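Engineer: Letter by letter, the chains look like this.
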Amino acid sequence: MSPETQGRRTPGADLPDHPDRLWRSAEPKRAYDVVIVGGGGHGLATAYYLAKNHGITNVAVLERGWLAGGNMARNTTIIRSNYLWDESAGIYEHALKLWEGLEEDLGYPLLFSQRGVLNLAHSLQDVRDSVRRVNANRLNGVDAEWLTPEQVKEVCPIVDISPGVRYPVLGGTYQPRAGIAKHDYVAWGYAKAAADLGVDMIEHCEVTGLDVRDGRVTGVQTTRGPIAAGKVALAAAGHSSVVAGYAGVSLPLQSHPLQALVSELLEPVHPTVVMSNAVHVYVSQAHKGELVMGAGIDAANSYRQRGAFHIIERQMSAALELFPVFARAHVLRTWGGVVDVTPDASPVVGLTPVEDLYVNCGWGTGGFKATPGVGWCYAHTVATGEPHPLNAPFSLDRFTTGKLVDEHGAAAVAH
Amino acid sequence: MSERSERTGGAAVQPYRREGATGKTLRFRFDGREYAGLEGDTLASALLANGVRAVASSIKLGRPRGVYAAGSEEPNALVQIEEPFPEPMLTATTVELYDGLVATGLPGQGRLADRPDPARYDAVHAHCDVLVVGAGPAGIAAAGVAARAGARVILADERPEPGGSLLGTAETLDGAPGREWAAGEAAALAALPEVRVLRRTTVLGHYDDNYVIAVERRTNHLGAQAPADVARERVWRIRARRVVLATGGHERFVAFAGNDLPGVMLAGAARTYANHYRVLPGSRAVVFTTNDSAYAAALDLARAGVEIAAIADVRHAPGETWVARCAERGIEVLTGHVVTAVKGEGEVSSVEVAPRPEAQGSGGQAREIPADLLLVSGGWTPVVHLFSQAGGTLRYDEELGAFTPGETRQAVEAAGFARGVRTLRECLEDGAEAGRRALAGAGLTAPPEIDVPAAEEEPAAAPAEHVWLVESGDYGTHFVDLQRDVTVAEVLRATGAGLSSVEHVKRYTTAGTAHDQGKTSGLLTGGVVAHALGVDVAELGTTTFRAPYTPVSFAALAGRDRGPLHDPVRVTALHEWHVARGALFENVGQWKRPWYYPQQGEGPGEDMEAAVLRECRAAREDVAAMDASTLGKIDVVGPDAAVLLDRLYTNMMSTLKVGSIRYGVMCRPDGMVFDDGTVIRLADDRFLVTTTTGNAAAVLDWMEEWLQTEWPDLRVHCTSVTEQWATVALVGPRSREVLARLAPGLAVDNDSFPFMTWRDAEVAGIEARVCRISFSGELAYEINVSSWYGLALWEAVMASGEVTPYGTETMHVLRAEKGFPIVGQDTDGTVTPQDLGMEWIVSKKKADFVGKRSFARADTSRPDRKHLVGLLPEDPGVLLPEGAHLVDTSALPEPPVPTLGFVTSSYRSAALGRTFALALVSGGRERIGERLYAPVGADLVPVTVTSHVLYDPEGARRDG
Amino acid sequence: MLLIPCPWCGPRDEAEFHYGGQAHVAYPEDPAALSDEEWARYLFFRDNPKGLFAERWSHTAGCRRWFNAVRDTATNEIHAVYRAGEPRPVIA
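Quick note, the sequences are listed as chains A, B and C, same order.
Position one of the first sequence corresponds to residue 1 (full-length UniProt numbering), numbered consecutively onward.
Position one of the second sequence corresponds to residue 1 (full-length UniProt numbering), numbered consecutively onward.
Position one of the third sequence corresponds to residue 1 (full-length UniProt numbering), numbered consecutively onward.
It should be emphasised that the hints constitute simulated quantities derived from the structure, not laboratory data.
Keep in mind that this is a model prediction, so the values were computed, not measured.
Watch out, some of these pointers could steer you wrong.
Restricting the straight-line Cα-Cα distance to at most 27 Å, the calculated cross-link-like pairs of lysine-lysine (BS3-like) are [said to hold, decoys possible]:
hint	chain 1	residue 1	chain 2	residue 2
1	A	LYS52	A	LYS29
2	A	LYS403	B	LYS60
3	A	LYS153	B	LYS592
4	B	LYS657	B	LYS343
5	B	LYS844	B	LYS592
6	B	LYS24	A	LYS403
7	A	LYS97	A	LYS52
8	B	LYS60	B	LYS343
9	B	LYS343	B	LYS592
10	B	LYS844	A	LYS403
11	B	LYS844	B	LYS657
Here are the in silico distance ranges between beta carbons for each label pair [said to hold, decoys possible]:
hint	chain 1	residue 1	chain 2	residue 2	range
12	C	PRO11	B	SER654	35 to 45 Å
13	B	PRO893	A	PRO16	33 to 43 Å
14	C	TYR42	B	LYS657	30 to 40 Å
15	A	LYS29	B	ALA697	52 to 62 Å
Ideal Cβ placement from N, Cα and C applies to all residues, glycine included.
Just chain A, with the same shape it has in the complex:
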């Protein structure tokens, strides 16, 4: 080691400590007021807000594996609210406002970093769509700016804005309040806070059936025995179709693998989050220094938490188009999750045809950023039996009326 390397900062040293106590896996009781199926971010946030906002603490969160081990542990942690339609902006902006106070609320360091998100435009139509979204965002009180290529370069100097690129950068939208957080910490923050309020975290407890009597759900069957429930709230992400099917409820969902990857730890080069739909990239540099990137979704339905490799190769080619300096970075680890996708790329949150059975699913690639917002609204929906105004547009019956919330432009490939 040379003298100059000895003086360099230790990039892992400034990470916050975890609390000495998180939660203890509980044994299931015979009955709960509310059983939440799925111990991911949404399930945990829902449990927390049920307890905190509605005083409902006789709640169990059932997780088939280890807590928050599904998509919550596998996403690329991007947080933003710059969605196109008023309905989406409503719930995502509500989430972002909660994110802004969440560390304090939960008393847990979440590494929430409002480093901004850039969405790049590569064609004249991209530019029109982007400006349309910026203007829609502003009317909705969502911070948004349209940046010229030069301004893009100021925000993220390593983006290649030269006109020789196959799909040159013609500009980008920028949401300064957007950013990233540490997914595990978020899950644990909610788990700890909910457990402190009396919620039972029950791990390794897979739901194998829903008890429905006279059109009303009364409990769940699990690998650890039956559990009676006043209300059952599904938050099972990629497995929502399977679980809802136990009650005969069919959902307009298809489950697909979605992959992500990280590089080795690198000195800071990338100060923000960059997303591009046309050149399919989304990338940020996490706190320790690794590049975190999302890949595309596998075309075919699958419950394998593993995607196909050609999608990773394609992802790398796109990344180097925009960031030539990444050439010799290394892929350290790839992984996959199972996302549940709806026909309009918007979620389904609300009531079901079965009384006291609630559903929250269909977040596709966008679930993480919505965590506080949907937890808040879903808890309201479950507690009161009426959809919260912010999730009312995301009802199941929109597929019958045709009143879809088509976010393909905002969510189709990017996140």
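With chain A's structure known, arrange chains B and C on it following the hints.
Structural biologist: Okay, now just chains B and C, sitting in the frame of chain A:
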């Protein structure tokens, strides 16, 4: 050590190089100092030869770290390559030394180059009967059996030379060094026509259906001498009928106080340095082991000249033969002992050993032994990464203290130590058997007799004892993951916080997430967690093994799909003319289309606004031409062609007369506009359908899907003919005159050649199909010729008079003035034909067509849906930005403010002498005449809603 | 990267194919006769089982034929492929 001071005396002196080591001397720099190494070295072995102990510093605590292993499992010695080209974070143990290498040790983060990577990368596909991963004894044996029976075999190994464990152990086969056997076998196999032996090739991932990804490092080891025309790295995409995983094992260490100090090293690694690299990793060593394997290492090192001060064995009953051999060499064996402390300033200077706590009272006492090297063996872990990736289950082998392969659905099996087979002889036999089974699995016949070389007799093994940590009151320097600086203390904090899953502990502590992905530490972490929770390691399981097995460069995976090859570029037959004329281009799908043609002349060039106004004027007042070749063209042929089109278009196509043309719109089943274009009836059973440029492939796929999956009874064939035709749009009041000159044989008067008909004719001496259609409202023709003659036609048009070429921007303005929507610009997948004001194109007569049922849904019949309307800014000089929204208040209230709609198209119009826009506005048709406001920056721009048809609403101009 | 046995061309890489979702969902004979709910089911609701799934593929980079496969979505194992219009085979 006096030797260490010698390194300052001259770069060629390598104080820890064994005598008799030969090879070319190579010069390199590390952390700013010049050193010499030998050909065949890795950076790690060369540094050790020079007595460099501290190679890197740890990420969190900044502690010095040295070389710990001898292969890709290295957890510590992370380096940055500076020259010949910066590359972040490699393990010194896998960097082959070359002349001119410049590297630095890393404090946890690598650094990216600030200049473009000049290297090439590529990818190849390969198919084989049997893929063997790992060219150690088992792998070579497996490949040998399969290859000699005639199978197509690929044998891949990550190292520069074959041999695997034989390289480090220096065991003999048939009385000769095993390394020579491996080299001979590999060469013999490579000479077989159906066999490929890939060196420096790491198999990174196993995917469904035995799709295996490997990366071959082809020129890295050549440094600046690497030829520029050879791909630096190559991705192998291998589809194998059978896969044999002969991936060997990784030695693991034990968690004890100070186990990270430079000079602490895995015993097997030290053996490899001494035997293979001819380097002594130290002068005086203490050995700490839980199993017999470290004895062979100790004895090899002793023979090489390292003084073995003592062997501390956690067991009370080590292998007797080994103890006897140690006694012969005067090596003290301390049974029932553990290492309790490692001392030294920045590197090991002494090691404290003591009887195990439960053995205390048996008379032993703690001793501090001076040493500069501490060799550790906590046992060996089979490399099951790929097997696990293949969906294989793992089972815990009590004897081995590690997980070994169980079942898998894939045609994959492990062989040799990778499945827990212990001795060299057994590994050879196991490999051969695996080769035989792979043959059978691939449907080939195995030879009746298989010879494997004779291995040395190995001493009877005494059982290992699986000790994960040395118990202590302070676990602050008992590292379990060296690279992430994770200690037993942190694991205990995690379990103390309530975490009971190894995945949670991994995430709480970050153990196993570093560059080495826990190769040496994963099981150890599990062992410590199990210890803390009082459960069985077997029950706890492992974390998931994820691809890639070792890190792989982004550039390798991107391969050649970069720059122009990132996505194919499509150009028309006229492209070179447009380029020569100075056109600017717009990307439309994969196509390059001329956007506008700035006029060149004296002074500064024309800007876009001026060029487009000029082009528009030419089209409206004179004559202009556009390359329309990119429009999709589909030949729809068959007795039921008209039936198909009736079902897919909202309007009736079966009533179209031969010789005529009709505009049509297609919807998805949800009723939303999907594409539009013209349909030309060529014959009773033949239509030519045009599509938008971007949707050509999608529309063809759409037709095929319906035909094949829903209506296989329809006798129709669809063929893309987009690239067969070049199309020139000739537009403007003088277009008839120009066409008449070019096509003297064609009757062009309005009665002979009316609007929405087509004629075959000779145009400029070229066979052509001329369609009288207009996307501008002007008198216009589209002249189609074979694309081979496209340029000739275009040049003839241009030569015929004052015809102005125009691009897509002018085309957009002209059509917008007429209120013609562009699918994808004025629609967004949520717009019905009715929303576009095209009620007239939705047939009432047809019983059904795709999309019809959806128009009856509640939401599609709402009166406040967004309609396509025109907007006139009250200030005729103000151009609205496309994407601006609309509100009906002259001052903005606090957000959220519901939007009434947005601007889809906005232009300056030469014909109107002002700006105008198209917009989708809620209930727009009922708002015509109303004033709305577009928030633009801080301003609210007042606009008046109008019909979307702003120019020539009577359609008087189309006939000239 | 699945290896998909096209019934016309033989086994080929997944990248040559286009996915078409659930098989055996026929276009309704008389859409006008359907309720909004029934029409919505046709438009937007598809099975999403964890396990055997009859699905459509098109060999877009090969013969361009549509065909059906029965695949296990939990393991990605393809149990059968068959031509469009043929009944779904029974998988034991």
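Engineer: Honestly, do TYR42/C and LYS657/B meet the 30 to 40 Å range at C-beta?
Structural biologist: Since TYR42/C and LYS657/B have Cβ atoms about 35 Å apart, the given range 30 to 40 Å holds.
Engineer: A range of 52 to 62 Å was offered for this pair. Does it hold for the Cβ distance of LYS29/A and ALA697/B?
Structural biologist: The hinted range 52 to 62 Å holds for LYS29/A and ALA697/B, with Cβ atoms some 57 Å apart.
Engineer: What's the verdict on LYS657/B and LYS343/B, does the C-alpha distance respect the 27 Å limit or exceed it?
Structural biologist: The given pair, whose Cα atoms are some 97 Å apart, is violated under the 27 Å limit.
Engineer: Do the alpha carbons of LYS153/A and LYS592/B lie within 27 Å of each other, as the hint requires?
Structural biologist: With a Cα-Cα distance of about 25 Å, the restraint between LYS153/A and LYS592/B holds, given a limit of 27 Å.
Engineer: Within a Cα-Cα threshold of 27 Å, do LYS343/B and LYS592/B meet the stated pairing?
Structural biologist: Judged against 27 Å, a Cα distance of about 69 Å means the pair is violated.
Engineer: LYS844/B and LYS403/A: Cα distance at most 27 Å?
Structural biologist: With Cα atoms ~24 Å apart, LYS844/B and LYS403/A stay inside 27 Å; holds.
Engineer: Just to be careful, I want the Cα atoms of LYS60/B and LYS343/B compared with a cutoff of 27 Å; is the pair within it?
Structural biologist: Holds, at about 21 Å.
Engineer: Does LYS403/A sit within 27 Å of LYS24/B, going by the straight-line distance between their CA atoms?
Structural biologist: Between LYS24/B and LYS403/A the Cα gap is close to 75 Å, so the pair fails against 27 Å, i.e. violated.
Engineer: Does the Cβ-Cβ separation between PRO11/C and SER654/B fall within 35 to 45 Å?
Structural biologist: 42 Å, holds
Engineer: When you check the alpha-carbon spacing of LYS844/B and LYS657/B, does it fall within 27 Å?
Structural biologist: 20 Å, holds
Engineer: Hint check: LYS97/A vs LYS52/A, CA-CA at most 27 Å. Holds or violated?
Structural biologist: 17 Å, holds
Engineer: Are LYS844/B and LYS592/B close enough, with their CA atoms no more than 27 Å apart?
Structural biologist: 39 Å, violated
Going through the hint list in order, the structure does not satisfy hints 2, 4, 5, 6 and 9.
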